[in-house]
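There are 2 protein chains.
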Amino acid sequence: MLTDKIKPDTAALSLIREGVRHMQGYVPGEQPIQTDLIKLNTNENPYPPSPAVLEALRAITSDALRRYPPPMSQPLRTCIAEIYDVPVSGVFCGNGSDEILALCTRAYVEKGRKIGYFDPSYSLYPVLASIAESDTVEVTLGDRFSWVDPPLDAGMDLFFLTNPNAPTGMRFPMDRIALFCERFDGVVLIDEAYVDFAEEDCLTLCRRYANVILSRSLSKSYSLAGLRVGYAIGSPALIQALDTIKDSYNLDIVAQRLAVAALTDQAYMQNGVRRIRKTRAWFEKEMIARGFALYPSETNFVWCKPPSGLSAPLYVEALRLRNILVRHFTAERLAPFVRITIGLDTHMEQLLRETDAILEEKHD
Amino acid sequence: MLTDKIKPDTAALSLIREGVRHMQGYVPGEQPIQTDLIKLNTNENPYPPSPAVLEALRAITSDALRRYPPPMSQPLRTCIAEIYDVPVSGVFCGNGSDEILALCTRAYVEKGRKIGYFDPSYSLYPVLASIAESDTVEVTLGDRFSWVDPPLDAGMDLFFLTNPNAPTGMRFPMDRIALFCERFDGVVLIDEAYVDFAEEDCLTLCRRYANVILSRSLSKSYSLAGLRVGYAIGSPALIQALDTIKDSYNLDIVAQRLAVAALTDQAYMQNGVRRIRKTRAWFEKEMIARGFALYPSETNFVWCKPPSGLSAPLYVEALRLRNILVRHFTAERLAPFVRITIGLDTHMEQLLRETDAILEEKHD
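In order, the protein sequence lines correspond to chains H and U. Okay, so the first sequence: first residue is 1 according to my numbering, each after it adds one. Okay, so the second sequence: first residue is 1 according to my numbering, each after it adds one.
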């Protein structure tokens, strides 16, 4: 470095922590610049957020931007505590639920202890474990991606449990989850990013067990993926540990105020969820009629396998050529499947038409 | 846990990582709810952000909120790269510069290696080191808080160098900084949160040395403390390491768009900085005339010692009773001093009047 005055990137590389140097970061779904695409690849909500959110946005003043925001997002925590009837000290707010998941790896996992999760599940978990330099326990799901009891003696301090699961869209049986939470001696983070679209949530478990913490997101059911707001509910001791290590002002004032507006309008969110579930039910039937194998979704997407003769990658590519984006994962067990976000009825109708055309071509 | 069905917080405590359990988090300056206070305690800018920022805010649509933001803040990075004539691959954007500092502790520091910083300096650094479970090297500044060469053989992988320094407001000599950067074999993070108010910046150093990364903030000079946007400039290898470990979508769409608007209006920022520097020069003279000892500030605050007979805590308390908030630090070496943010001229006039009254009372 002494002699090398022009930026030598090979020298800089040696400055990077060994574990990070060759690490693969998380790869988010494609965000195309092209605007005439039907975008069913990242589980965004097709409906706009509540009008109350836009009102709150317009009401932001210069003075609010100029000053530091409430460092603990106190008004937002109070709002969430009231909605779910939990103490304010049992609520945490994060810069997206991704921040909450990352903080959990730093708050609850001792050096040398492990982080567990199901395989398949949210592909961010192994990345977070790698950043935290924790070994992992991947618990392979059973036939048709069904629940398997995670081991209790594998040295895990934290288990990420997505429910409903992604990318399969299925909810796990409540009694099996509860039994695991009761027996496991580490922290169970139940990632409920999609739970507003499901039949049942795990709020009772985090009331009952001191080692259970829920995380939720405003990205899907509240149509606010652009805003980056997630929250966690758990025992005050678990929450306080997150507070100790979070960035001082982790949520900006705009995100705090707009999140309060969105959460306060529960009726709007629930109405939007009803519409998506209705579209989902209709769309599932249509896909089954076309020979697709479907899994029972409790989310805002469906997980399906194209009929024999049409591979998932070919189907995804054919849709792409017809300006429809859906998501494909290359991991061996996931490769035969396609994940399709539930969009507007018109989007799904268009997708069905293009699917018919693709199936037609295949037979020619 | 098996028998304890009501949330037992003592049980939950054992779930927290040992190092976090008794850790003291960072304590931000007070954000009072009372609105008639003159707030000179957290170095907020007294002028509003550029009108272009408000325009950008009003232009945010439902659709922008509904979709995921650009995960790498690409438009914002491009804007910054153009302003400073650096490659886009040499720019990182963070959720406040605090996120950047925290990421550095995870990107550049091997297990068992240390994190260094000056004492006194930004009080967040030891907290970040503690979260990263890194030992620290505190380099005590010299007489009148002047530069001291940090040791080169102390096992440090990262050195946090605030320039101008806080809470003293003074800039370190460029040649001493450069020599240290050249000789040090770890990463030097030059924290330039206040640099827009200074005579000179260290951009040339990060162009010259592969181990230097700058962090800056929109909180002070751009009047956007509420928005949480910071950026870093450094070699592509250093930047890429931050990208690998950052949260997938670390900046929301509102923060990204408003930051572009603010940065594009350089003339507005520079004009605001000129006004604050003018107020600072005048205010410094007034305080010296009243017997305060002042340090040469290159920031938007002054660091001063009250005249003999008036202790700093008493002065701060007396101002507080008169509805003026300034900042006091209790660490032994800092306790004789007061940090006063430069506000509007009217704020500083009011502070001088109250100071006169306080000094008067003291003599009665």
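Read the hints as simulated data drawn from the structure, not as lab findings. Since the structure is predicted, the reported quantities are computational estimates derived from the model, not experimental observations. A couple of the hints might just be wrong.
The list treats identical chains as interchangeable, and a pair is accepted whether it falls inside one copy or across any two copies.
List time: in silico DMTMM-like cross-link candidates among lysine to aspartate or glutamate, alpha-carbon distance up to 25 Å [what the hints assert, rightly or not]:
{"#": "1", "residue 1": "111", "residue 2": "243"}
{"#": "2", "residue 1": "111", "residue 2": "135"}
{"#": "3", "residue 1": "114", "residue 2": "36"}
{"#": "4", "residue 1": "285", "residue 2": "149"}
{"#": "5", "residue 1": "362", "residue 2": "133"}
{"#": "6", "residue 1": "111", "residue 2": "356"}
{"#": "7", "residue 1": "278", "residue 2": "63"}
Each hint, compared with the structure:
Proximity of residue 111 and residue 243 under a CA criterion of 25 Å is satisfied in both settings, with 20 Å inside one chain copy and 24 Å between copies. With identical chains, the CA atoms of residue 111 and residue 135 are at most 25 Å apart both within one copy (10 Å) and between copies (15 Å). Within a single copy, residue 114 and residue 36 get their C-alpha atoms no closer than 44 Å, and across copies no closer than 51 Å, so neither meets the 25 Å cut-off. In this homomeric assembly, residue 285 and residue 149 never come within 25 Å of each other (Cα to Cα): the closest approach is 32 Å inside a single copy and 72 Å across copies.
When the C-alpha separation of residue 362 and residue 133 is checked against a cutoff of 25 Å, the pair qualifies neither within a copy, at 47 Å, nor between copies, at 58 Å. Taking identical chains as interchangeable, the C-alpha atoms of residue 111 and residue 356 are never at most 25 Å apart, the minima being 53 Å within one chain and 56 Å between chains. For the identical chains of this complex, residue 278 and residue 63 are inter-copy neighbours only, at 22 Å across copies versus 43 Å inside a copy, given an alpha-carbon limit of 25 Å.
Checked against the numbered hints given earlier, this structure breaks hints 3, 4, 5, 6; the rest are met.
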